[in-house]
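A.B. asks: So the protein lines, in turn, are chains L and A. All residue numbers for the first sequence refer to the numbering used here, where the first residue is 1 and numbers rise by one. All residue numbers for the second sequence refer to the numbering used here, where the first residue is 1 and numbers rise by one.
Please note that a few of the clues may not be correct.
To list a few chain A residues with every Cβ distance to chain L over 10 Å, as calculated [claimed, not checked]:
| # | residue |
| --- | --- |
| 1 | Lys50 |
| 2 | Asp243 |
| 3 | Ala277 |
| 4 | Arg280 |
| 5 | Asp324 |
| 6 | Thr361 |
| 7 | Ala385 |
| 8 | Asp415 |
| 9 | Gly444 |
| 10 | Ala465 |
| 11 | Ala489 |
| 12 | Ala493 |
25 Å max Cα-Cα, derived SDA-like pairs, lysine to any residue [as the list claims (entries may be wrong)]:
| # | chain 1 | residue 1 | chain 2 | residue 2 |
| --- | --- | --- | --- | --- |
| 13 | A | Lys408 | L | Arg27 |
| 14 | L | Lys28 | A | Lys40 |
| 15 | L | Lys28 | A | Asp302 |
| 16 | A | Lys35 | A | Arg91 |
| 17 | A | Lys40 | A | Phe409 |
| 18 | A | Lys263 | A | Arg392 |
| 19 | L | Lys19 | A | Ala321 |
| 20 | A | Lys370 | A | Ala321 |
| 21 | L | Lys28 | A | Asp415 |
Covered stretches of chain A (chain L as the covering partner; in silico rule of three or more C-beta atoms under 8 Å from a C-beta of chain L) [to be verified]:
| # | region |
| --- | --- |
| 22 | 303-311 |
| 23 | 345-356 |
| 24 | 366-376 |
By construction, these hints were calculated from the structure, which means they are not laboratory data. Note that beta-carbon positions come from the ideal geometry of N, C-alpha and C, so glycine has one too.
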Amino acid sequence: MERQAFDHLCELARLTLAKEELGEFERKFERLLEFVEQVQRYTPQSSGPPLTLVDKVELRRDAPLSFDWPEDMVHDYRVPMVIDFEGGG
Amino acid sequence: MKELLTQTAWELLGPIESGDVDHTELQELQFEFAKWIDGKLNAFITWDEKVEPQEWDLPLAHEGPRCLHRMPYAVKDIFATRGLQSTAGSRILEGYVPPYDATCVRLLRHEKNHLMGKTNLDEFAMGSSGEMSAYGPARNPWSLDHVPGGSSSGSAVAVAACQCFVALGTDTGGSVRQPASFCGVVGYRPSYGLISRYGLIAYASSCDQAGIFARSALDVALTMNTIAKPDGLDSTCRAEPLDYVAEVQREMHWNKLRVGVIKQFLDPQAIEAPVLANFRASLDTLAGAGAEIVELDFPLADYCLPAYYIIVSAECSSNLARYDGIRFGVQGEEPDLLARYLGVRSRGFGAEVKRRILLGTYVLSAGYYKAYYDRARRVRGDIRASLDDMFRRVDVLATPTSPTLPFKFGERLEDPVLMYMSDLCTVFVNLAGTAGINIPNGFGERDGVRLPTGLQLVCAPHRDAVLLRVACQFEQLTGWRYTPPQWVAEALAM
Chain L
1 MERQAFDHLC ELARLTLAKE ELGEFERKFE RLLEFVEQVQ RYTPQSSGPP LTLVDKVELR
61 RDAPLSFDWP EDMVHDYRVP MVIDFEGGG
Chain A
1 MKELLTQTAW ELLGPIESGD VDHTELQELQ FEFAKWIDGK LNAFITWDEK VEPQEWDLPL
61 AHEGPRCLHR MPYAVKDIFA TRGLQSTAGS RILEGYVPPY DATCVRLLRH EKNHLMGKTN
121 LDEFAMGSSG EMSAYGPARN PWSLDHVPGG SSSGSAVAVA ACQCFVALGT DTGGSVRQPA
181 SFCGVVGYRP SYGLISRYGL IAYASSCDQA GIFARSALDV ALTMNTIAKP DGLDSTCRAE
241 PLDYVAEVQR EMHWNKLRVG VIKQFLDPQA IEAPVLANFR ASLDTLAGAG AEIVELDFPL
301 ADYCLPAYYI IVSAECSSNL ARYDGIRFGV QGEEPDLLAR YLGVRSRGFG AEVKRRILLG
361 TYVLSAGYYK AYYDRARRVR GDIRASLDDM FRRVDVLATP TSPTLPFKFG ERLEDPVLMY
421 MSDLCTVFVN LAGTAGINIP NGFGERDGVR LPTGLQLVCA PHRDAVLLRV ACQFEQLTGW
481 RYTPPQWVAE ALAM
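With the rest of the complex left out, here is chain A (with noise of 0.2 Å):
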């Protein structure tokens, strides 16, 4: 039976409805190979060891779009859970257990899914190689010895090691999408209110977006149609009944299709050359099917990440304020307020997110407001703009997910810009609001070792149904599959 752990979750959707695989023990199964093989990736942080109520056996009455229902599942541990701990990675939270679920959580839990635990991290969400996690980093399956990408690591390992069918992340600046590209899954950010974001650990408020890791775009569709839901909880939710399942499938014109490139993704200077020749390869595909491939300038590309890390370092210093030591996780000893404040959030925080908390005070005190917050929001409208006028163009754009091949641990600590470059390719979709999705596209060699590269395409905002249909297409077109790594393989067929 260990063989189901390798299929995707719409295979497995017919066999369970009609109780041909028994979904108690796909559970039993799935949680003991996730626990067994978690020795050697440190994806999750902490276990769901809590047996479902027996009513979970009744058969669902179910109307409606299909949606992913009775599947193992797992979920980054910064959205809260009732009664399971809930970290950020950081000490600062450790032991704090929250009195509810977040949204996504409970529209997953309604449809019967199972939880197996809370994934590892970059602390806050705040990293681009799952190595700022304060319970240690989460380890790439394709190589141990590799970084799998931030900042939602563990959940894109989970998906990649046969851990769970379905994972969720958030994508603040690319944090879905990178490492899915660096672990060989789909890695799904939505436009920005697509999903509830109540009860999702805060970090940067206008660029948090819940997203959505699994082994095909179909997947995804099937996640989006359980958690892609109106909610009065969070007044930026924009969600609309929509059956994304129905919308994947339908039928695609290629010759109708226009793909924008944009040229300053495509310099040898910035983006390795195992990454470029699957790019081109990719765009090579596209093309052969049909589609009409548009070059773009965009002037403003290297502007995204310096205006990307100004307004994310403002909204997280004022987001994590409220760590305090009173109100949340580890409280301090101190006898006097103000040393309990800074002894716990000293000893709580990790060095980069203390980075990015001085970052975001010196840009948002009086003297330097105008010049770095305030250009950086400005930039910001640009970017948007820019991007608009480009969508009247071409129906999506097609770039390389990450600039580089998954890197050795340790390779990119000593110099945070080196890290941030990470995001070159990413960050401007969350600065405008938009969805974009990795595909995996191929392998490149990389420290002699044999890595995973993604291609990422982007839609005009709440145009998501059109992209996850192209994403689902190009699968199709290039005759991916889901593998996981031998390694892996050869630890299920013991």
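In isolation and in its complexed conformation, chain L is listed as follows (with noise of 0.2 Å):
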């Protein structure tokens, strides 16, 4: 893969690669994708699993409903508003 590609990838991935562990990375990568590539040898029969169920599932009006929460289940916290963490509020 060109360094450009690469670099692209990365982008992609929202990772960065230090400048020492840069060819040892690609080097490993390669030999991954060259693994992988096997795949390519096998036609294969099936659609494969679906990817979504969406087309089969009913979906119920927006209603509130009750839950049954179990005895010992925690439900007594609250997620600090993001604000919170950026010291704004």
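Need the complex rebuilt from these two chains, each delivered in its own frame; the hints are there to steer you.
C.D. replies: What follows is the structure, given as structure tokens:
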């Protein structure tokens, strides 16, 4: 893989690699790509498991429901507002 | 009293219920020994120091199937535990304390079991040797120079080295069965959906499944009675009430059992000689008891590992996108948002995690999606169909659990593909969403050291009760009984 393409991949994955780890990283990554390319040698018969079941799901109407909390399940915490994290609240 | 720590949970259940063994004393003794011996093993990342409330001493009103209760246990540090650090073996989650318990932890707590602590693992469960932990590797109690397997390395070590009676792990591609084989204990991965994944830090959601380490198949059944329950908090959970203990104790008719053997997993080029010899001896035992051995062809065996690594890498690149230095664990200092993402993720993730995120990003990218991810998904469909076909002809499949004996630290780090080959015999189970169990079946010699091997049994999806019954009866056939490594037994006697 060319360096430019590799850099673009890192950007998409929100990762940066230090210069000293780059060489070893590229070498091992190339090895992985060669390995997974083996799937190209086989022609699958199936269409694979479905990626989504949305067409089979009947959605109920939005309505408040009571939820049967297990007695010992914790439900007494609140997630702080994001604004609190930033010291603005 | 220390000799109690070498027993099985089943053996201690009666004395604990009758009060002959004080569960608080047992827990204190277990905690003290586990902490002391961990200086050599590094099986734990975090200890649970809290004292249980006094009402735990009140007798339990028990109805229904027998459950694991009042037993010291441990969980892989990938399960959320309320008030206790949960790192997933990664620096990026260092200091992260969840405000809730994973469902299976909650269920174990409900039965007043004592949590010893959180066990070591390969970072985000990505690894086959335990060497990818950001907290240093756990060590195999049978030889401290050899790896314990992974990714649930610490849980396997903890059960093998008398640090707890039962431990939970997760099995995405063999991460319970393979370390169980390397450490000489029972390791069980249930069918997909049988144990709730709520509170389990996600790696590859379509393959992730909580699993159990124990010292006998009966202890596995006892734990299943405790945690395999329906859960409205996990839409993929398909557990139905079943008494696994009663199921494994039902009479076994060996002459009605058909055991399938996949010929591709008998290749001496791929499977080390001592592993193969012990596997053939196990088949002889099964055949001697009356089981019919059926040889099966699985041409897709060569494609399981590449398809598996494409699928799990794709899922991990998506699941791990949430670690942004804002919501969980380590917080970044950078004032710019994108710089913060990049900084925290690059410092927080280890090399193997980065590799898989990059591979996942690559196989999902617009130009390569069809050639990699979509094709791997379709290969997975064919693997499932092939297994369905096999299970029309046999009741269970038998394979070696790991193609090799435990190897030395550093031996496979330079070549990621060689490391991935450790999962050769296990990943097809995860791709098919079915169940598998490792049962210790002997020892072999490597580097002048005696190291454990394991037999893997696999069943059709949701036929777990049959699988556990066969495993339990196989233990009885061979007379196998858990014994700790000699130095651990000597440490207990001190």
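A.B. asks: None of the hints should be skipped; say for each whether it holds.
C.D. replies: Now the hints, each set against the structure:
1. Lys50: Given a closest Cβ separation of 15 Å, the condition holds.
2. Asp243: 21 Å, holds
3. Ala277: Correct as stated: the minimum Cβ-Cβ distance to chain L is 29 Å, above 10 Å.
4. Arg280: Holds: least Cβ distance 29 Å, greater than 10 Å.
5. Asp324: Label violated. Min Cβ-Cβ 8 Å, cutoff 10 Å.
6. Thr361: 4 Å, violated
7. Ala385: Answer for Ala385 (chain A): violated, closest chain L Cβ roughly 6 Å.
8. Asp415: 7 Å, violated
9. Gly444: 27 Å, holds
10. Ala465: The claim stands: Ala465 (chain A) keeps its Cβ more than 10 Å from every Cβ of chain L (closest is about 25 Å).
11. Ala489: It holds; Ala489 (chain A) is separated from chain L by about 37 Å at its closest Cβ, greater than 10 Å.
12. Ala493: At about 39 Å from chain L, Ala493 (chain A) clears the 10 Å cut-off, so the statement holds.
13. A:Lys408 / L:Arg27: Given that 25 Å is the threshold and the Cα spacing comes to 23 Å, the pair holds.
14. L:Lys28 / A:Lys40: It is violated: about 32 Å lies between the C-alpha atoms, which goes past 25 Å.
15. L:Lys28 / A:Asp302: 21 Å, holds
16. A:Lys35 / A:Arg91: Holds, because 22 Å separates the two Cα atoms, which is no more than 25 Å.
17. A:Lys40 / A:Phe409: Holds, at roughly 15 Å.
18. A:Lys263 / A:Arg392: This hinted pair holds, its Cα atoms lying about 17 Å apart.
19. L:Lys19 / A:Ala321: Status holds; Cα separation ~23 Å.
20. A:Lys370 / A:Ala321: Cα-Cα ~22 Å, so holds.
21. L:Lys28 / A:Asp415: Within the cut-off at roughly 7 Å; holds.
22. 303-311: holds (count 6)
23. 345-356: holds (count 6)
24. 366-376: holds (count 5)
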